[in-house]
Amino acid sequence: MKPVMLLTRILAPAIALALASAGLHADDPFAPLRDAMVREIANMSSVTRDETGRVEFAAPVMAAMAKVPRHKFVPPDEVPYAYENRPLPIGYGQTISQPYIVALMTDLTQVGPGDVVLEIGTGSGYQAAILAELAQAVYTMEIIEPLAVQAGERLGRLGYAKVQARLGDGYHGWPEHGPYDAILVTAAASHVPPPLIAQLKAGGRMVIPVGAPFMIQYLLLIEKAGDGSVSTRQVLPVSFVPLVGGG
Amino acid sequence: MHSPPLLALALLSASALGYEVLLLRLLSIIQWHHFAYMMISVALLGYGAAGTAVALARPVLAPRFHGVFIGGAVLFGLSAIACFSLAQQVPFNPLEILWDARQSARLLMIYLLLFVPFFCAAVCICLTFTCFQEQIHRIYAFDILGAGVGSLAVVAALFALTPVDALRLLGGTGIAAGALAGMACTGHRRWLAPLLLAAAVAVPAGVPGRWIALSPSEYKELSQTLRIKDARAIAQTWSPLGLLTVVDSPTIPLRYAPGLSLNATQEPPAQLAIFTDGDGLSVLNRYDGRREPLAYLDYLTSALPYHLLRQPRVLVLGSGAGADVLQAIYHNASAVDAIELNPQVIDLVQRRFADFSGKPYSAPNVRVLIGEARGLVASRGEPYDLIQIALLDSFGTASGGLHALSENYLYTVDAFAEYLRHLAPGGLLAITRWVALPPRDVPRLLATAAAAIERDGQASAARRIVMIRGWKTATLLVSNRDFDDAGIAVLREFCRARSFDLAYYPGMTVAEANRYNLLDRPWFFEAAQALLSGERAEFLARYKFDVRPTTDDRPYFFHFFKWRSLPELLALKAQGGLSMLEWGYPVLIATLLQSSVAAVLLILAPLWGARRRQRRSRNAALARFELRVVSYFAAIGFAFMFVEIAFIQKFTLFLSHPLYSVAVTLSAFLIFAGLGSRYSGRRRGGIGAGVGPRHPLARPVLAICAIALLYLIALPPLFQLLAPVGTLARFGICAALVAPLAFAMGMPFPLGLGRVSARAEALVPIAWGVNASVSVVAAVLATLLAIHLGFTVVLLLALLLYLVAAVMFP
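If you read the protein sequences in the order shown, they are chains A and B.
Each residue of the first sequence is one higher than the one before, counting from 7 in our numbering.
Each residue of the second sequence is one higher than the one before, counting from 1415 in our numbering.
Same shape as in the complex, but just chain A:
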């Protein structure tokens, strides 16, 4: 890492705090930090080329990342770190994924303007907000009551009218609004709930991050073909060849 970058990184929380306190006088004092975050993600975005056929994340995904105010989705004491590329705790044993992973998951779902999306595990509501920038409608469910309430209020306050959030068990999905073009499951699951596969449209995509808190190990991408057959893919979020000089 270059010294200047290192310095910027070390100073980022301080800058963030300074900007936040100066926020009364600016429209969005966090914009420069958000832009820096988006540039950092863009530099790493070639990892999904095999899955998406593109060498970088889709432009609308990056535009959404540049637009959604992540600092409004994290607890007050984490605001200074909101635009660092790292997972943050949001209470109740839950986390907000690191921005790079959010971008990657969103990119893998390939959501378009006319799409209807289901999210299981609202958490902070940040992922739903990103999806709302891309899709026609987003339905999101959360099993932990205080988080569901908080996220619902937050999304409403921030004007995300396309998002409908509710408390509930995600296992059975939200059949009233299905089938869905894309489904994102950010809650821990020992297996893929069959009702969710049923609610996925032919040609639709489902993404499930697999791992422990703060440690996403891989993403499970489930694709439903036109004939209704289902295939899965395990996507490593990094470019890593496990065999030296081979593989």
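The set of hints was computed from the structure by calculation and includes no laboratory data.
Virtual Cβ for every residue (Gly too), placed ideally from N, Cα, C.
Be aware that one or more of the hints could be misleading.
[To be verified] Estimated spans, in silico, between C-beta atoms of each pair:
#, chain 1, residue 1, chain 2, residue 2, range
1, B, Ala1619, A, Pro152, 31 to 39 Å
2, B, Ala1649, A, Gly174, 24 to 32 Å
3, B, Ala1616, A, Pro82, 41 to 49 Å
4, B, Arg1646, A, Pro201, 22 to 30 Å
5, B, Ser1947, A, Ser245, 23 to 31 Å
6, A, Val155, B, Ala1627, 21 to 29 Å
7, B, Glu1706, A, Gly174, 24 to 32 Å
Take the given structure of chain A and dock chain B to it, following the hints.
Here is chain B on its own, set in the frame of chain A:
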């Protein structure tokens, strides 16, 4: 001053060691085991620091011996409770440590808090050595006997008391040690002992429960499950083996079916979750004798062997709440033997929740065996058609690499060879593991199985292994016969019907390897191809994770870390690359570095001070003597710990339980070392220095080397010979075997300390502090050396260190 308060010293020493064992338990419940280990290693340096403190403040402390001892013991008792309570309030989250600099500061705060009680106890002990130098042998004997009894007593207490009540008890015994010391007080202080005794009961009992209630990390599985609406803990039991919590989630069912095929149409039946120390989920299925609700068990990768065998006789290792037993029942197994380590799990299934569970362990032809799997397998006479090793660890801890420091004797070359011996002709060993990406445990399993099959040079592993994988689990089958075409046809059909992928079978082509669950490359097939062919050595060298076969001597199955890969993984941090980093090993290295640095500071600080004084007196001879003292006590500190840890490991399989091994072996070492110390004192006193052997250490060191080497060679065949002996008799045999070795190992410390006190008594606390600090570092270093070189090398190194000590004898 008339005599040292030996009983108080023994009680305090017992309390301090008991506190160490208990802290490991308490911290494992609220955090994770390896972080618990890290915190305690550093906190134990309180012992070393006490040596320094006594060395520096001796003129002030020594004249007030009784007051300091009583005060130190009482402070130990109070701080044991208070510091744990405060440490729990520190919002430390180890999972964020590589992301968040604040976490390091919080960890430091926990170190400082846990350091206090050990420091208080150690000041008392060290000051006793310093003030009663003529009785060093007796003091050491009581100190170490107390420690031995303490480690046994706390394990026994944990059967009866909750961990929190055990904490109250140890707080009380600490204060009681102060009261015992106070009995020597006369005159106007006569009231002190009864008052302290009353406090020993009243204070710990009076601490409000909410101050010391355990508050586990919100990221542990249990905490996460309890967040679900209406989920609640409906039962809790505990023993030294762990805290078991049963959770019912009536509104939102648990539906735990790891890696269930996407083609499955059935949900699991109603389930209860059983957590051990807030992690390691094992599910208890509702079973009413009907097969249909269990149909989901046929859609897991682990169901494969049942399609290759007809009505097999099954042995399930690690059966937990019984899902694998139900899987065997579902598939019409003709007999099932289930081995489970923790009797309380069986009690929950069979008695407490019998109505819910349908008592699967009492089903026709099902037997349950309680104990450590390896020992029990070795003692079985009848052959099995299937030995099934369940998913024993939770996905979360496995994916975090949190087991990297735990020894595991289930997955070693020696274990696999043992399992294969117990298979009927054509029988299968089935092992299911979580899928990690890039593959780590699976290649290691393959390499280990291959080494076991080819051990006697009779068979080729390539024809005796098959493997399949889903998106979350992989199952490996090992046979004692070559797989035939009919079997392979069944394998193919099993995978096709469930959309599982073939990962390896004899004669498989790459085109079949990546059909349903697509990977960037067919990593599992490629690894199997390489490991089961002539390219094995090259693959093991080139692979970025350490997947070499594990053995009983180097039983670290979950240690995959290679230094070479560290820079790459760290560079990939921003993309989530850290999930590929196995945590346990870096934490071990960090622990070693921290405790080494702290130990050096604790040792060097007083030496530097002392040296400055010497320069003034220009006493070069004393400086040289000091160097010998430091070298000697460092060498015997390392050596004692290395021998102790190596033998705890060597006895683990014989005592069929790691906990028994630690409790029995450690106590035996401490108690017999204590007796050895007493004996060395009598010899010295009785025979006199002039008549004794030319070198005082010659006999003990020769004895240690001879016995240790003899055991190294003789123990494995001896243990085989003793296989039919019962558990209690094994404890006795273990203690008897440890006795002569420990007896000899108890001598070098008091002999050396006696010499130091005769020549330069100011160095006594330094010698004690060096020894204590080094012991802490040695415990961590022994694990590190065992990971790389095996326990035999650790033991040989220890013997070498004893020889060095003999040369450096002050």
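Quick rundown of the hints versus the structure:
no., hint, in the structure
1, B/Ala1619 x A/Pro152: 31 to 39 Å, "holds (36 Å)"
2, B/Ala1649 x A/Gly174: 24 to 32 Å, "holds (28 Å)"
3, B/Ala1616 x A/Pro82: 41 to 49 Å, "holds (43 Å)"
4, B/Arg1646 x A/Pro201: 22 to 30 Å, "holds (25 Å)"
5, B/Ser1947 x A/Ser245: 23 to 31 Å, "holds (27 Å)"
6, A/Val155 x B/Ala1627: 21 to 29 Å, "holds (27 Å)"
7, B/Glu1706 x A/Gly174: 24 to 32 Å, "holds (28 Å)"
Taken one by one, the earlier hints all hold for this structure without exception.
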